[in-house]
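The chain contents come next:
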Amino acid sequence: MKKSKSFWAFLILAAVVYVVVQFFIGSGLINIYYSNLLITIAINIILAVSLHLVIGITGQFSIGHAGFLAVGAYISAIATMKLELPFILAVVIGGVIAALAGLIVGIPTLRLRGDYLAIATLGFAEIIRIALFNIDYVGGAAGMQVSHLTTWTVTFVCLVITILVITNFTNSRHGRACIAVRENEIAADAMGINTTFYKVLAFAIGSFFAGIAGGLFSHNFYIIQPGNFGFLKSFDILIFVVLGGLGSLTGSVISAILLTVISAFLAQYPETRMIIYSLVLVIVMLYRPQGLMGTREVTDLFKWKPAKGGN
Amino acid sequence: MDWLQQLINGISLGSIYALIALGYTMVYGIIKLINFAHGDVFMVGAFIGFYAIKGWGLSFLPALIISMAFCAVFGVLIERIAYKRLRNATRIAALITAIGMSLLIEYGMIYIRGAQPEAYPADVLPNKAINFLGVHINSQSLFILLTSIILMIILQFIVQRTKMGKAMRAVSLDMDAARLMGISVDKTISFTFAIGSALAGAAGVVFGVYYTKIEPLMGVIPGLKAFVAAVLGGIGSIPGAMVGGIFLGVIESIVSAAGFSLWRDAAAFVILILILIFRPSGIFGKNTREKV
Chain A
5 MKKSKSFWAF
15 LILAAVVYVV
25 VQFFIGSGLI
35 NIYYSNLLIT
45 IAINIILAVS
55 LHLVIGITGQ
65 FSIGHAGFLA
75 VGAYISAIAT
85 MKLELPFILA
95 VVIGGVIAAL
105 AGLIVGIPTL
115 RLRGDYLAIA
125 TLGFAEIIRI
135 ALFNIDYVGG
145 AAGMQVSHLT
155 TWTVTFVCLV
165 ITILVITNFT
175 NSRHGRACIA
185 VRENEIAADA
195 MGINTTFYKV
205 LAFAIGSFFA
215 GIAGGLFSHN
225 FYIIQPGNFG
235 FLKSFDILIF
245 VVLGGLGSLT
255 GSVISAILLT
265 VISAFLAQYP
275 ETRMIIYSLV
285 LVIVMLYRPQ
295 GLMGTREVTD
305 LFKWKPAKGG
315 N
Chain B
48 MDWLQQLING
58 ISLGSIYALI
68 ALGYTMVYGI
78 IKLINFAHGD
88 VFMVGAFIGF
98 YAIKGWGLSF
108 LPALIISMAF
118 CAVFGVLIER
128 IAYKRLRNAT
138 RIAALITAIG
148 MSLLIEYGMI
158 YIRGAQPEAY
168 PADVLPNKAI
178 NFLGVHINSQ
188 SLFILLTSII
198 LMIILQFIVQ
208 RTKMGKAMRA
218 VSLDMDAARL
228 MGISVDKTIS
238 FTFAIGSALA
248 GAAGVVFGVY
258 YTKIEPLMGV
268 IPGLKAFVAA
278 VLGGIGSIPG
288 AMVGGIFLGV
298 IESIVSAAGF
308 SLWRDAAAFV
318 ILILILIFRP
328 SGIFGKNTRE
338 KV
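Quick mapping for you: the protein sequence lines, in order, are chains A and B. The numbering of the first sequence is the working numbering, which starts it at 5 and goes up by one. The numbering of the second sequence is the working numbering, which starts it at 48 and goes up by one.
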């Protein structure tokens with residue numbers, strides 16, 4: 005009952021946001037620059053939420069998320085530009101192939117822990133980037149021409165689906181298993197949770213949505229290049245999740261919105277932007293390592309919670 | 048006899064990786080932190096060497112020493128400012144801080160001096176082709192190899208024969224027990240950072256002399272590859288880092304010589320993933336079981 009209430013509240017909120025923005029775009033009140041910014045924000049939220057599932061919920065430290073973004077971007081671009089499939093289908097194909105890539109990467113590497121996993125995911129992302137660099141079919145270093153097909157409606161629908169799927173997953177039996185893995189892998193194992201299965205599952209779902217975001221990303225610009233998907237892109241996504249709070253979905257959404265807006269304003273000063281980003285990251289880690297929101301959600305703030313405890 | 052030339056190139060490149068990898072491996076051995084900023088200390092070392100040679104007209108050896116001294120101080124500063132507070136933090140927090148420090152140094156450098164590359168003068172070291180058994184060997188490669196070997200011997204001496212080296216080994220074995228034995232753990236960790244960073248600075252100068260071009264983002268890829276070398280040799284093991292670095296350098300030159308030079312960077316990561324999957328403790332590492 006309670007869950008379904010928040011579900012409908014979220015859908016109504018989403019519909020209101022959509023209608024308002026669509027009205028602004030349709031009536032020409034905001035120009036093409038700002039509507040593009042809105043699309044970028046939505047894509048970044050999808051990326052942040054998909055990485056939140058891997059790092060925040062399952063506790064697997066992946067710093068190669070841009071690799072899956074690249075897979076989704078390139079596969080969907082091939083689907084529309086070379087195979088001439090419809091855009092929506094192309095985005096879904098990009099997501100599915102990215103999820104497959106996530107499986108292929110996840111099954112061997114998720115046996116590793118902590119630092120080693122981070123380095124292995126980084127290595128995989130670099131391999132994907134170097135491979136794209138060397139494949140002439142997708143244009144190599146020069147990149148690939150992609151037509152502009154991403155619209156606000158499509159992006160927003162993808163965003164809503166992503167958030168719904170990931171919240172429902174988190175609140176399900178499987179999500180609780182993932183949280184158990186995050187809290188203590190050995191204890192979770194002892195409780196009979198198939199830890200490898202849940203780690204790979206979360207990784208594949210995260211990669212799927214990263215692939216979806218990739219499809220939207222590539223069709224939002226006119227050209228994609230392997231250089232767009234380097235370590236810095238992974239880092240951009242990572243900072244959304246870390247700043248928002250590891251384990252807080254609303255936190256990563258808020259920080260994705262904030263940081264996208266800030267970096268749009270700092271677009272002329274890329275060095276300043278990176279210095280601010282890295283300083284924020286270091287300072288947050290030193291003084292508030294759980295991130296701005298910790299594992300709490302914004303919705304928790306509005307709930308009246310009677311004091312719990314023994315008698 | 049072209050392959051012998053390639054082999055020598057590979058070993059020279061590998062000895063640069065090995066010098067960087069030593070810093071990774073010593074720091075990881077002591078505080079279990081992948082110091083992502085290490086590759087950037089290497090970059091700073093290359094620039095200090097460049098300014099010493101170009102600006103003050105020094106020769107190779109004084110420039111090397113100045114750069115090593117500067118980097119040692121710089122490494123201790125990084126440790127004191129960022130990592131010291133994280134001794135009891137989670138591994139993820141420490142790793143994210145290290146990534147943040149790395150980007151801060153890179154973009155701070157770009158902010159200070161711009162992103163344009165610099166070129167080392169070509170005549171820092173004698174550059175002659177030495178004819179050895181019918182093979183032409185570049186004298187610079189030999190100088191670089193010699194420098195690295197001397198530095199590694201000094202390092203071995205410090206770690207195995209001095210009191211501080213003994214303290215380093217003790218702290219890496221068991222930090223709490225070492226503290227109980229009266230070893231100043233903070234001082235030992237700072238000392239480890241100083242030595243590791245000095246070696247990275249030396250690697251930076253050597254890299255600059257050998258490849259001439261240096262730029263603020265040059266530390267990223269060699270840093271990652273040196274980390275691969277450290278993992279390959281068994282992270283935490285000093286001989287492992289040396290062997291891993293040279294092995295990686297030779298593999299890279301074989302891949303280049305076989306005509307896949309564009310795939311060279313991928314080779315290191317493929318090796319990394321294979322090692323992590325099949326033998327995560329590396330060539331010289333010991334298998335440790337996780338205690339509950």
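FYI, nobody ran anything at the bench for these hints, they're computed from the structure. It cannot be assumed that every hint is accurate.
Claimed, not checked - Beyond 12 Å from chain B on every Cβ pair, some chain A residues (computed):
#	residue
1	N40
2	I92
3	V100
4	R300
Stated by the list, open to error - Listed next, the stretches of chain A that the computed footprint assigns to chain B, with coverage defined by at least 3 CB atoms under 8 Å from CB atoms of chain B:
#	region
5	76-84
6	159-172
Idealized CB from N, CA, C, for every residue including glycine.
Tested hints:
Its beta-carbon lying about 25 Å from the closest one in chain B, N40 of chain A satisfies the requirement of being farther than 12 Å from that chain. Non-interface call for I92 of chain A relative to chain B: holds, since the shortest CB-CB distance, roughly 33 Å, exceeds 12 Å. The claim that V100 of chain A is not at the interface with chain B holds, since no C-beta of that chain comes within 12 Å of its own (minimum 23 Å). The Cβ of R300 of chain A sits about 18 Å from the closest Cβ of chain B, beyond the 12 Å cut-off, so the non-interface label holds.
With 0 residues bearing a CB less than 8 Å from a CB of chain B, the region 76-84 of chain A misses the requirement of three and the coverage assertion fails. Under the rule that three or more residues need a Cβ within less than 8 Å of chain B, the assignment of the region 159-172 of chain A is violated, with 0 such residues.
Of the hints listed earlier, those the structure fails to meet are numbers 5 and 6, in rising order.
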